[in-house]
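Model the full assembly from the supplied sequences, consistent with the hints where possible.
Number of protein chains: 2
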Amino acid sequence: MTQNTETTQPGPLTGFVVLDLTRVLAGPYCTMMLADLGATVIKVEHPEGGDEARHFLPFIGDESAYFSTFNRGKKSIALDLQKAEDRTIFERLLPKADVLIENFRPGVLDRLGFSWEKLSAHYPRLVVASVSGFGQTGPYNHRGAYDLVVQAMSGMMSMTGHENGPPVRVGTSLGDLAASIFAANGIQAALLQRSRTGTGSRVDVSMFECQVALLESALARHAADGTPPTRMGSRHSGTAPFDTFKAADGYVVITAGGDLLFSRLAQVLGHIEWCTDPRFATRATRVQNQAELKVAIESCLAEDKVEVWLDRFERSGVPSGPINDVKAMMEDPQLISRGFLAPQGTTGLMSPATPILMSGLGYPKRHAPSPQLDEHRGEILAMLQEPLTSP
Amino acid sequence: MTQNTETTQPGPLTGFVVLDLTRVLAGPYCTMMLADLGATVIKVEHPEGGDEARHFLPFIGDESAYFSTFNRGKKSIALDLQKAEDRTIFERLLPKADVLIENFRPGVLDRLGFSWEKLSAHYPRLVVASVSGFGQTGPYNHRGAYDLVVQAMSGMMSMTGHENGPPVRVGTSLGDLAASIFAANGIQAALLQRSRTGTGSRVDVSMFECQVALLESALARHAADGTPPTRMGSRHSGTAPFDTFKAADGYVVITAGGDLLFSRLAQVLGHIEWCTDPRFATRATRVQNQAELKVAIESCLAEDKVEVWLDRFERSGVPSGPINDVKAMMEDPQLISRGFLAPQGTTGLMSPATPILMSGLGYPKRHAPSPQLDEHRGEILAMLQEPLTSP
Chain A
440 MTQNTETTQP GPLTGFVVLD LTRVLAGPYC TMMLADLGAT VIKVEHPEGG
490 DEARHFLPFI GDESAYFSTF NRGKKSIALD LQKAEDRTIF ERLLPKADVL
540 IENFRPGVLD RLGFSWEKLS AHYPRLVVAS VSGFGQTGPY NHRGAYDLVV
590 QAMSGMMSMT GHENGPPVRV GTSLGDLAAS IFAANGIQAA LLQRSRTGTG
640 SRVDVSMFEC QVALLESALA RHAADGTPPT RMGSRHSGTA PFDTFKAADG
690 YVVITAGGDL LFSRLAQVLG HIEWCTDPRF ATRATRVQNQ AELKVAIESC
740 LAEDKVEVWL DRFERSGVPS GPINDVKAMM EDPQLISRGF LAPQGTTGLM
790 SPATPILMSG LGYPKRHAPS PQLDEHRGEI LAMLQEPLTS P
Chain B
440 MTQNTETTQP GPLTGFVVLD LTRVLAGPYC TMMLADLGAT VIKVEHPEGG
490 DEARHFLPFI GDESAYFSTF NRGKKSIALD LQKAEDRTIF ERLLPKADVL
540 IENFRPGVLD RLGFSWEKLS AHYPRLVVAS VSGFGQTGPY NHRGAYDLVV
590 QAMSGMMSMT GHENGPPVRV GTSLGDLAAS IFAANGIQAA LLQRSRTGTG
640 SRVDVSMFEC QVALLESALA RHAADGTPPT RMGSRHSGTA PFDTFKAADG
690 YVVITAGGDL LFSRLAQVLG HIEWCTDPRF ATRATRVQNQ AELKVAIESC
740 LAEDKVEVWL DRFERSGVPS GPINDVKAMM EDPQLISRGF LAPQGTTGLM
790 SPATPILMSG LGYPKRHAPS PQLDEHRGEI LAMLQEPLTS P
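Protein chains in written order, with the numbering used here: chain A, 440 to 830; chain B, 440 to 830.
Accuracy of the hints is not assured; some may be wrong.
For chains that are exact copies, the list does not tell them apart, and a pair is met inside one copy or across any two.
Listed below are the simulated DSBU-like cross-link pairs for lysine-lysine, each with C-alpha atoms no more than 35 angstroms apart in a straight line [said to hold, decoys possible]: (1) Lys-744 x Lys-522; (2) Lys-685 x Lys-733; (3) Lys-514 x Lys-535; (4) Lys-733 x Lys-744; (5) Lys-685 x Lys-522; (6) Lys-766 x Lys-685; (7) Lys-744 x Lys-557.
Since the hints were made in silico from the structure, they are not lab data.
Next up, the structure:
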């Protein structure tokens with residue numbers, strides 16, 4: 440079975456070398472995943488201040504906890520790619536690398552003299568991944584994109600928020616994070632392809648497109664109904680009950696859309712007759728009459744506290760849960776039991792693992808500190824003396 | 440450069456065979472990505488009705504557009520793993536497979552006789568991936584999880600919604616989708632590891648943990664401030680302006696937190712003096728005085744329409760955008776130019792690609808229809824006669 444402790448074994452990507460020109464979040468989160476999974480990630484930073492996220496709030500002690508969260512386990516070297524001697528070092532690193540990843544605006548890497556055409560001609564095995572706001576091509580390719588912009592333009596915000604209320608941003612930088620996780624997939628797919636073909640590829644990931652790829656059934660609903668899906672609070676378009684409900688002292692979520700689950704819920708609430716009530720008897724009628732159903736459920740829930748109801752639902756097999764804040768989440772027995780959060784680096788910040796638990800390995804490594812700017816220059820320059828050993 | 444048309448070339452995962460026992464969404468979205476990327480995905484469905492998502496709304500003609508969205512390009516065989524003759528077929532497929540993926544409740548696969556211990560003993564090269572609500576171990580491992588439950592328990596909902604308003608669900612099933620995309624990473628990492636070690640692994644992905652992994656800097660902010668982060672509408676904790684703003688006829692989003700971007704914004708709005716105004720002169724003071732800054736920005740924006748402002752911002756290099764609904768998103772020139780959406784299957788539904796554009800390949804294939812239940816039985820049984828050719 441799985442082991443939940445931190446591994447001391449080599450990770451699945453051991454031996455792969457990633458040259459990392461990315462800054463801030465879309466990119467660094469991707470290379471954090473690759474480093475967690477065992478790749479050697481060489482973070483190439485500008486000598487003047489390095490990755491600008493080194494200065495982002497919040498700080499714990501002297502260290503940006505924002506930066507350290509997304510840069511654990513990487514090695515840093517400071518290089519100014521506009522200076523000849525630093526370019527020479529970078530060019531000597533390229534043949535050692537399996538992957539080059541960057542999140543400059545499209546065209547910047549070309550102007551630095553490292554276009555995909557040149558790179559692929561000189562280093563045919565190299566995988567070159569680019570994460571950008573809108574992709575390398577198309578009329579917006581020159582635009583800077585930020586999380587909020589791609590959440591807004593993709594339709595994600597139009598579907599997030601309360602019914603009849605204004606759109607709202609997903610409360611985390613999903614625009615950056617989704618692009619990072621798709622990019623990690625693209626990079627790994629290109630490495631698997633390389634093991635068949637012997638040659639690398641360019642991987643072009645657009646933050647905007649990654650948001651659109653996460654719209655689930657929204658395009659299908661738009662096509663079927665002829666109207667764009669809109670905000671519906673915490674409900675789901677195709678199933679009910681599936682919502683937030685108010686109990687005596689707070690909210691619970693309940694998802695009991697299938698007939699079996701709904702009958703369990705009706706039983707716990709003391710209203711087994713709902714199962715034969717024509718308003719609630721099938722998933723389709725429950726969706727139609729969800730507002731009425733919500734009133735009926737909440738009038739039951741008002742009689743007891745969240746904790747009491749969650750215990751009853753748990754014992755009856757009704758999928759439900761509390762709406763945790765970050766503190767409550769960190770105290771959750773399931774996460775504690777699996778050791779999913781662990782102290783990281785010099786800040787000791789409790790950090791989530793890359794959520795891929797592997798047999799014999801446990802969670803990918805995550806205790807490593809984030810590097811100081813240029814901390815690993817000596818070690819990285821020493822790599823240049825080693826023979827090539829690409830996996 | 441990248442090519443944006445559909446590829447006719449083999450995808451990066453060509454040659455890999457995935458046996459897919461997953462149903463509904465967390466799992467099928469993962470194997471959709473793998474099929475898009477070129478893997479042969481054999482969807483093993485129960486003979487009675489198959490994947491329950493075949494019956495999910497919305498329908499286009501006779502076909503569930505929900506099902507077809509997430510099952511394009513897969514091959515279907517109907518097998519009842521509790522019947523001896525069907526088990527025999529499944530057992531003969533296992534040595535042909537590189538990956539087995541399932542999203543039953545933990546323990547179900549074991550009870551069917553296919554525990555990881557047995558599978559790894561008989562098929563040491565097999566990668567076995569499990570996607571579940573809470574993971575294979577721990578006190579909640581037996582619980583069914585649904586998107587809303589993991590969004591609620593993870594803290595994601597506690598940070599999504601308007602300031603001083605109630606928490607709200609991210610308007611797409613991010614609980615399922617994030618787990619799928621992390622699982623695809625775990626599977627590919629395990630395949631890359633196998634190419635080094637020769638042996639497969641068990642990959643255990645928890646929907647709950649995947650949501651926690653997407654909380655960005657929330658744990659760091661909680662550690663630094665001592666209080667859990669809460670809802671702040673569309674704002675960001677660490678930068679300003681970064682929000683939704685009201686213009687004469689609707690909303691725009693603007694992200695101009697850095698000093699250079701802010702100076703461009705101030706210029707466009709005719710208030711270059713804001714750059715030296717002590718309330719707004721630095722990112723830190725803009726964050727402190729964001730409410731005042733928002734009022735000042737909106738009093739300017741009220742004078743013109745969204746379209747006019749977006750044009751000005753675009754010409755001045757101020758990151759901004761409209762809040763599109765799905766219809767407006769589908770008409771976006773950038774997506775059209777890159778061909779990101781394409782008609783799919785027999786429904787002709789416009790569908791997003793897996794957002795990984797690869798040189799020489801374009802977007803992963805996405806035109807293929809979703810299979811009818813048991814459609815590929817003959818083809819799949821014929822595979823059993825072929826010699827083993829695992830990549």
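- Query: Between Lys-733 and Lys-744, at a C-alpha cutoff of 35 angstroms, which is it: within one copy, between copies, both, or neither?
  - Reply: Classified as within: same-chain Cα gap 17 angstroms, cross-chain 39 angstroms, threshold 35 angstroms.
- Which holds for Lys-766 with Lys-685 at a C-alpha limit of 35 angstroms: within a copy, between copies, both or neither? both (21 angstroms within a copy, 34 angstroms between copies)
- Query: How would you label the pair Lys-744, Lys-557 (within, between, both, or neither) given a Cα cut-off of 35 angstroms?
  - Reply: The answer is neither: 65 angstroms in one copy and 45 angstroms across copies each exceed 35 angstroms.
- Task: Evaluate Lys-685 and Lys-522 at a C-alpha cut-off of 35 angstroms and name the case that applies: within, between, both or neither.
- Result: neither (62 angstroms within a copy, 45 angstroms between copies)
- Task: Please work out whether the CA atoms of Lys-744 and Lys-522 approach to 35 angstroms or closer within one copy, between two copies, in both situations, or in neither?
- Result: neither (65 angstroms within a copy, 46 angstroms between copies)
- Please work out whether the CA atoms of Lys-514 and Lys-535 approach to 35 angstroms or closer within one copy, between two copies, in both situations, or in neither? Cα proximity of Lys-514 and Lys-535: one copy only (15 angstroms, versus 40 angstroms across).
- Intra/inter-copy verdict for Lys-685 and Lys-733 if alpha-carbon distance must be at most 35 angstroms: Intra 9 angstroms, inter 33 angstroms, cutoff 35 angstroms: intra and inter.
Violated hints, in rising order: 1, 5 and 7; the structure is consistent with all others.
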